[in-house]
Amino acid sequence: MGMDFSTLRTLISRYCVGEENWVDSRTIYIGHKEPPPGAEAFIQQRFPDNRIVSSKYTFWNFVPKNMFEQFRRVANFYFLIIFLVQLIIDTPTSPITSGLPLFFVITVTAIKQGYEDWLRHKADNSVNHCPVHVVQHGKVVRKQSRKLRVGDVVSVKENETFPCDLILLSSSRDDGTCFVTTASLDGESSHKTYYAVQDTKAYNTEKEVDSIHATIECEQPQPDLYKFVGRINVYMDNEPVARPLGSENLLLRGATLKNTEYIYAVAIYTGMETKMALNYQSKTQKRSAVEKSMNAYLVVYLCILISKALINTVLKYVWQADPNRDEPWYNDRTEAERQRHIVIRAFTDFLAFMVLFNYIIPVSMYVTVEMQKFLGSYFIMWDDEMFDEELGERAVVNTSDLNEELGQVEYVFTDKTGTLTENNMEFIECCVDGHVYVPDAICNGQVMPGATGMDMIDTSPGPGAREHEELFFRALCLCHTVQVKEEETVDGIKHGIHQGKSTSFYISSSPDEVALVEGMKRLGFTYLRLKDSHMEILNREDEIERFQLLEVLTFDSVRRRMSVIVRSSTGELYLFCKGADSSIFPRVISGKVDQVKARVEHNAVEGLRTLCVAYRPLTPEQYQEVCHLLNGAKLALQDRDKRLAEAYDIIEKDLILLGATAVEDRLQEKAADTIESLHQAGMKVWVLTGDKMETAAATCYASKLFRRNTQILELTTKRTEEQSLHDVLFDLSRTVLRQHVGMTRDSFSGLSGDCTDYGLIIDGATLSAVMRPAQEDSNSGNYKEIFLEICRNCSAVLCCRMAPLQKAQIVKLIKASKEHPITLAIGDGANDVSMILEAHVGIGIMGKEGRQAVRNSDYAIPKFKHLKKILLVHGHYYYIRISELVQYFFYKNVCFIFPQFLYQFFCGFSQQPLYDTAYLTLYNISFTSLPILLYSLIEQHINMDILSKDPSLYRDIAKNSLLRWPIFIYWTILGVYDAFVMFFGCYFLFDNTTFTSNGQLMTTNTQMMFGNWTFGTLVFTVLVFTVTFKLALDTHYWTWINHFVIWGSLIFFVVFSLLWGGIIWPFLNYQRMYYVFMQMLSSGPAWLSIILLITASLLPDVVKKVICRTLWPTTTERIQNADKLYEGQLSEFTPLASLHAPSKAGSLRRGSGNQRNAPNPRRSEPFTKKIMFTRWQRTPDYSTFTPLVRFADGSRHSKQGHAYGGAGPETSV
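So in my numbering, the last one in the sequence shown is 1724, and the numbering has no gaps at all.
Treat the hints as calculated values from the structure; they're not laboratory data. For clarity, every value in this text was computed on a predicted model and none was experimentally measured. Hints may contain errors.
In silico PhoX-like links for lysine-lysine, alpha-carbon gap of 20 Å or less [as the list claims (entries may be wrong)]: (1) Lys1103 to Lys1164; (2) Lys650 to Lys567; (3) Lys633 to Lys623; (4) Lys668 to Lys567; (5) Lys668 to Lys738; (6) Lys1103 to Lys738; (7) Lys718 to Lys544; (8) Lys576 to Lys623.
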């Protein structure tokens, strides 16, 4: 009964004592020990074991589950239905003809997915079976990881990985701390400090740890890596002592113990409930624009197929309405079949026609596309130009489904820190009360202790200035979470080795903090160590100062500041606070605010990252109040973060400003060049950053996102405070639209002909106001539309002070706009993951902010500069290749099946197949599949050097231009034309026939036996050669592999036909193809007709190409022609982007006739490098050109092209 009352008491205390919003929590008994009698009810909860399952299938469910997933694809399901129809009713073709390709497709995919899942099983098993050390009955016992249970006390040694989520009880270090790297979780390789529970940190042996009597109450598992709320009740003499538990006590599965000999910890979340496992969630499937086009075309062809079958079914019954015309004798219908109801007969016939024509839907296209994407992705990984020697990393492809999408990007959203910049911080200067200090260089290994003061305000610091200056330096030496490392190596990288001796160096989770502490070291104040809760500093006089660290008010992205409370050796209490200017200035009550603010703004405009430093002296009474506030907030299980934020807000006020710091984050190599290339390629680049506006704007100018003549439009909090958001938006809208209308009137042309020269800057707070859902009583509903309209007419947009979720919202907003542009997001940190997952294509950079962005991305590259190659070269090639693959597949299947449709008009609609079963089955699998697969892997229509040097070529393939409906219709009409030529060409060539005595047809002029299989084989032979030659004509980049595969496929077809018809195959119940192919080839007219029909089929396409290339060539075609003219040497010329327009007179003078006859120059002569190839005149003479850039007076070159009879003109640059 006592048990029931105590349970009731617990429930009452939970729901009635100020914890109404109690979240469902769990109670863990450390070491599985029951609490003392009367303390609380002992309710043993059931928790999962520590087994990790990342695999999708098991041995038993693989077949059904995989089949279900595969048949959810429309094409696979359609072919399954056709196959079943062939099995059920009497159809003209064998079920093998559709069953075999479908079986091949399903098997290949199943093997691929099964292999991938087997690898996942293997990885799971290696994790689940690895040994862990558990403390039981005062001894350490080895167990398999999967057998670990919640409540077990685990021992972990240095460099071991934590097997599950643990609460730290004690460590080998006296202060109860341990150091951990979380690289496998969030990618941060820096060392983080975790803290043991105060009451248990003294327990250092197995026996002592086993004697701990405590329970832990904590929240149920949730995926946030940085959030944890709980409390531990330690029973001392049967009385519980409650202590708060937070994320600083929680060791996460997958993290690694560093610089700590051993720890003891208790398991609280195991297996699939660990935070690491909860973050496994699968990414949403991204589909490329090409795949959507493929599905649309598939629907069109399905409609064509149904209409063909309907037409033939109707015509069959019209034909048979005449009593003299019944079913042909060879169809051999039974009486029962003839007596069936006409509707059933008609439906059966409709299905039979569907089966006969079903090859118009190319099932093998899906397999070819899958293989092309999978194999093609290796070209990115093998690209040596995208290998970074410094990191030792290559580009990584996580999703090969989106290769061609890289060639369709219209918007690029990039992070700033670590993406455009190096995230390698260097301390530049600090400003104390208006006096600027720049650290001296380190000479011969000796730190020069003095500081060069560049006075801004007055000539000499006042009497209190020296004291303030030292307080500022101390504040920066104390207000941080930097750790000092004494050893020589960290993770195998040597640090701090100086004159052969091992010296200390700093490690931190934030590169800014390390830069500041190192900057202070160069200014004479060295942070030594944190030992026994005391921070030690070496001052300029080489004296060690000790400060007791009482509280750390940690940094968070909402407050944008951090603080420490310390007690000096003389007993004075200080709160030191550092943070962003926007979060410090409003809390300051005294200090030289104006001078410091001026310097901060000056540095921000220079592109430096600025932080402000302030302090507040505390009395013992104030400190007691602070402690009370913090402890109350830390012990709360509910809304702990909110209560802590409120407590911090109360504590961090009434500050005295000390000064500010400036740290430089340099631009990445070639970042500006990359952004300029993306602009020329027609992409809009947006920078989304959490940095302050001035710093971000300076970076944008440095990276050429904004140019000096760019007119900056501001949509910021500062402006919306002066006038309403509504007015600001309409003002900006009027400005850009007026300019836009003016531009179209002037028919402006240039490198960015479609972009105005406006740059927009928006901050997070204003963006929230723009994105806010419309209220019924307000007119804010159209803010999003106006905002989008402004953005569309700006050449670049900078969004600053962005929260991670806002980055994703921006991407989503652009994705959903009426043009539905293809978006790409690129970033390097965990804060960029949301936008990387939201964009059509997500690219992670292998930066210093960890690997989370890389793991969640579709592609990962070592540096921002590699974006140029992956988009302008790889993306361009992938799109060209796959668009040809898709169009060609539909074309060759129209050529294949349309003669079958025409044949029905000549066989009484009797569903008689034109081709033999073997040909039907192997056409898409063997005879025509390899050449197009190889084409789609290695085709290069333009040299890759030209693609990277002339980014404007990217515009030729923008907006899915090669898979638009007109081009699709052209390919389809071409296929229908070829089919007509093949069918009627063969029909009329062999029209002059007589019957032989045994009922076969014989041509009178050649005495050749001519039956329906000979006719079908002749059509098929012409077909295979025509579609293969068509691909050969489309190929620009010939290698020995192309020759081998294209001509090899044709030879294979001939050899197969000879074998198939030359042997009596015992396993066939028919021998209708016996000797047909040989007999056909023994006829001279057959050879002639094959050659003539192939020529007639290909001629219109060749003529159309010649006419279009002559009269209306695209930029790509002009360059192809010129490249052929110069035998592939064009790529050596410098592209237009790096050239300037000459004066008109100079240009005409240089183009004068006498220079045309000059001798050919050597390649080393300078003017050779100045020849421009990017835009050619629209005249039939391909060897003429004009530069794209307009001259000062708006005129262009004279229309007389300069023929390259000799050296060619020298164009002024």
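Tested hints:
With a C-alpha separation of about 17 Å, the suggested pair Lys1103 and Lys1164 falls inside the 20 Å cut-off, and the hint holds. Distance hint between Lys650 and Lys567 is unfulfilled; the C-alpha atoms sit about 38 Å from each other, more than 20 Å. Distance hint between Lys633 and Lys623 is fulfilled; the C-alpha atoms sit about 15 Å from each other, no more than 20 Å. Distance check on the hinted pair: Lys668 and Lys567 sit about 33 Å apart at the alpha-carbon level, beyond 20 Å; violated.
Restraint check for Lys668 and Lys738: not satisfied, since their Cα atoms lie roughly 25 Å apart, outside the 20 Å limit. Annotation: proposed proximity of Lys1103 to Lys738 is violated, straight-line Cα distance about 38 Å (limit 20 Å). Between Lys718 and Lys544 the CA atoms are separated by roughly 15 Å; this keeps the pair inside 20 Å, and the hint holds. With a C-alpha separation of about 14 Å, the suggested pairing of Lys576 with Lys623 holds against the 20 Å cut-off.
Going through the hint list in order, the structure does not satisfy hints 2, 4, 5, 6.
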